[in-house]
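Enquirer: Each chain, letter by letter, is given below.
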Amino acid sequence: MMTNEQVMRYGRHLIMPEVGVVGQEKLNAAKILMVGAGGLGSPSALYLAASGIGEMTIIDPDVVDLSNLQRQILHDTSSVGVPKVESAKKRIHEVNPNVKVNAIQDQLSNENVRQLVREHDLVVDGTDNFQTRYMVNDACIFEKKLNVYGSIFRFDGQSTVFCDPNGPCYRCLYPEPPPPGMVPSCAEGGVLGILPGVVGVIQATEAIKLILGKGDPLIGRLMLYDALAMKFRELKIRKDPECPVCSAHPTITELQNYEYFCGIAPEANGESGQAQEQITARQLKEMMEAGRRLTLLDVREPQEWDITHLPDAKLIPLNDLPDRMNELDTADDIVAYCHHGMRSAKAIGFLQKMGYKKLKNLAGGIDAWAVNVDPEMPRY
Amino acid sequence: MNHSNASQVEPLKQIEMPVLLFASLKDAAGSDQIMVRLSYPSATPMTVQDFLAQCGQQYPAIAAWLPHVRVAVNCTYADAQQTLTPGDEIALLPPVSGGTL
Numbered sequence: 458m459m460t461n462e463q464v465m466r467y468g469r470h471l472i473m474p475e476v477g478v479v480g481q482e483k484l485n486a487a488k489i490l491m492v493g494a495g496g497l498g499s500p501s502a503l504y505l506a507a508s509g510i511g512e513m514t515i516i517d518p519d520v521v522d523l524s525n526l527q528r529q530i531l532h533d534t535s536s537v538g539v540p541k542v543e544s545a546k547k548r549i550h551e552v553n554p555n556v557k558v559n560a561i562q563d564q565l566s567n568e569n570v571r572q573l574v575r576e577h578d579l580v581v582d583g584t585d586n587f588q589t590r591y592m593v594n595d596a597c598i599f600e601k602k603l604n605v606y607g608s609i610f611r612f613d614g615q616s617t618v619f620c621d622p623n624g625p626c627y628r629c630l631y632p633e634p635p636p637p638g639m640v641p642s643c644a645e646g647g648v649l650g651i652l653p654g655v656v657g658v659i660q661a662t663e664a665i666k667l668i669l670g671k672g673d674p675l676i677g678r679l680m681l682y683d684a685l686a687m688k689f690r691e692l693k694i695r696k697d698p699e700c701p702v703c704s705a706h707p708t709i710t711e712l713q714n715y716e717y718f719c720g721i722a723p724e725a726n727g728e729s730g731q732a733q734e735q736i737t738a739r740q741l742k743e744m745m746e747a748g749r750r751l752t753l754l755d756v757r758e759p760q761e762w763d764i765t766h767l768p769d770a771k772l773i774p775l776n777d778l779p780d781r782m783n784e785l786d787t788a789d790d791i792v793a794y795c796h797h798g799m800r801s802a803k804a805i806g807f808l809q810k811m812g813y814k815k816l817k818n819l820a821g822g823i824d825a826w827a828v829n830v831d832p833e834m835p836r837y
Numbered sequence: 117m118n119h120s121n122a123s124q125v126e127p128l129k130q131i132e133m134p135v136l137l138f139a140s141l142k143d144a145a146g147s148d149q150i151m152v153r154l155s156y157p158s159a160t161p162m163t164v165q166d167f168l169a170q171c172g173q174q175y176p177a178i179a180a181w182l183p184h185v186r187v188a189v190n191c192t193y194a195d196a197q198q199t200l201t202p203g204d205e206i207a208l209l210p211p212v213s214g215g216t217l
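Heads up: the protein sequence lines correspond to chains L and U, in order.
FYI, in this note's numbering the residues of the first sequence are 458 to 837.
FYI, in this note's numbering the residues of the second sequence are 117 to 217.
Treat the hints as calculated values from the structure; they're not laboratory data.
No residue lacks a Cβ here, since even glycine has one placed at the ideal position from N, Cα and C.
Hints are supplied without guarantee of correctness; some may be wrong.
[Stated by the list, open to error] Below, a sample of chain L positions facing chain U; criterion: calculated Cβ distance under 7 Å:
| # | residue |
| --- | --- |
| 1 | V552 |
| 2 | N555 |
| 3 | D585 |
| 4 | I609 |
| 5 | L630 |
| 6 | P641 |
| 7 | F689 |
| 8 | K693 |
In isolation and in its complexed conformation, chain U is listed as follows:
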């Protein structure tokens, strides 16, 4: 565990979370799964919103997409305030237009 940031009142928790990507996000990231390192104060739970911010910093290739994707946690659509716990399975779903007429 990395507790190096001494100025923080609360120690930072660090976890890595696997994130599944779908449809055009796979192409943007070049992979169907990415690992996102999350650090957050151990007393405050990490929310979906926090996760998206850190995900965008670590993966600039998909950062522009993140405001437009839906997040699913453990196979259920989640809103921005939902809290995450280690071991959660996160999936990012961009809107898909096709169809082919």
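The following block holds chain L by itself, in its conformation from the complex:
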């Protein structure tokens, strides 16, 4: 039974025949697992809470960083340094105190994923990495739960509903992950702050429709959104009859080692497979002060260079490296850097293959320099 406060609060739902009292009671009884309280999780959690979802479990290991606030509207400036799940819980209770929020500050892992998925009606996936994508997908297949998927990159977003018995799962689309470092993350490639707002709200819309059992869900359809062109496009996607996890004869029937599967096992090196020498920001500073002759290679994009760069560095964006390699001398000591050390690791892997030997990667990128060497340097 709804209280008078709830009848008033959900009145605009109650007067629509597609929701009504019956539908609202379904929402009030629903339990949703939110993976991630970041860009996608923020708008979806806010609207799901406002719509009266009964119970939401939010799992995220991180604390709020100033650089999150450009898009992660669950959190505000006063929350910087606070665990995201705590900040989320506080904000959700301000929106709707009827919602029970379980805040878990942890990684989703093989140890907790199946039980968490099992205990909820559906999953809203807002993670930022492939290993968690595959883990959530497999757990949803094993536990027979729907996975409301969203992903974003720069100005492009995607959303669909995976793991329906009659529709595809994530592995039907992408049976294998791409090599590590190939697909840039939002931290590397950037993302328009409002983009996850659109995609996260599409995810929340689908979650609400699935709970109500109304409308046409995004099962077997992948919605693509291009914010620059302001275009939506829909692709039909099919279940793969050979899918290793969701077909009639699966070859994967339990959780895997997803870090290994995605090529980020601990011993993984750059794409050349050779070991890569790391240098810390402080060590680099000492080398520079000692007057060691070296080439500082910045492999970021020009717009990142404009924000900040190391003195006397040389800018060759990663994608231009094959064409501009001749600007680098194999005889010189080269220290490559990027924002956080991923792209420069790729650059070094490439240069190793091309016969360069005297290479070092600045561990943690220019961000580590800003933190450990030059506190005046802007971080982004």
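We have chain L; now place chain U onto it with these hints.
Expert: Just chain U now, with coordinates in the frame of chain L:
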């Protein structure tokens, strides 16, 4: 039509197909649409697999991606053996990891 390759038993058909790119592929190619010239024996239909091979030769900047992208033909996901006909709309979709936590 270019039928210059006389050693071929079958004459080669040549067509240009517009290909839509998404997400990080746009950045790799520097454009959201590319034109791919396809040549194939006129009696044998061109498959998605053939298309990917020729696409990679003409656009080295995205060649490394092609084993990892999904191909959609006329707004429907296609497998490697699906045949193509002139006028088909091809889209290439790389996997997208983000999310931003």
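Enquirer: Against each hint, give a clear statement of whether it holds in the structure.
Expert: Going through the hints against the structure:
1. V552: violated, 21 Å
2. N555: For L/N555, the interface hint is violated, since the closest Cβ of chain U sits about 27 Å away, which is over 7 Å.
3. D585: holds, 4 Å
4. I609: holds, 5 Å
5. L630: Hint holds; L/L630 Cβ to chain U Cβ min 6 Å, cut 7 Å.
6. P641: holds, 6 Å
7. F689: Given a least distance of 12 Å, the restraint on L/F689 is violated.
8. K693: Because about 4 Å separates L/K693 from the closest Cβ in chain U, which is inside the 7 Å limit, the hint holds.
When held up to the earlier numbered hints, the structure conflicts with 1, 2, 7 and fits the remainder.
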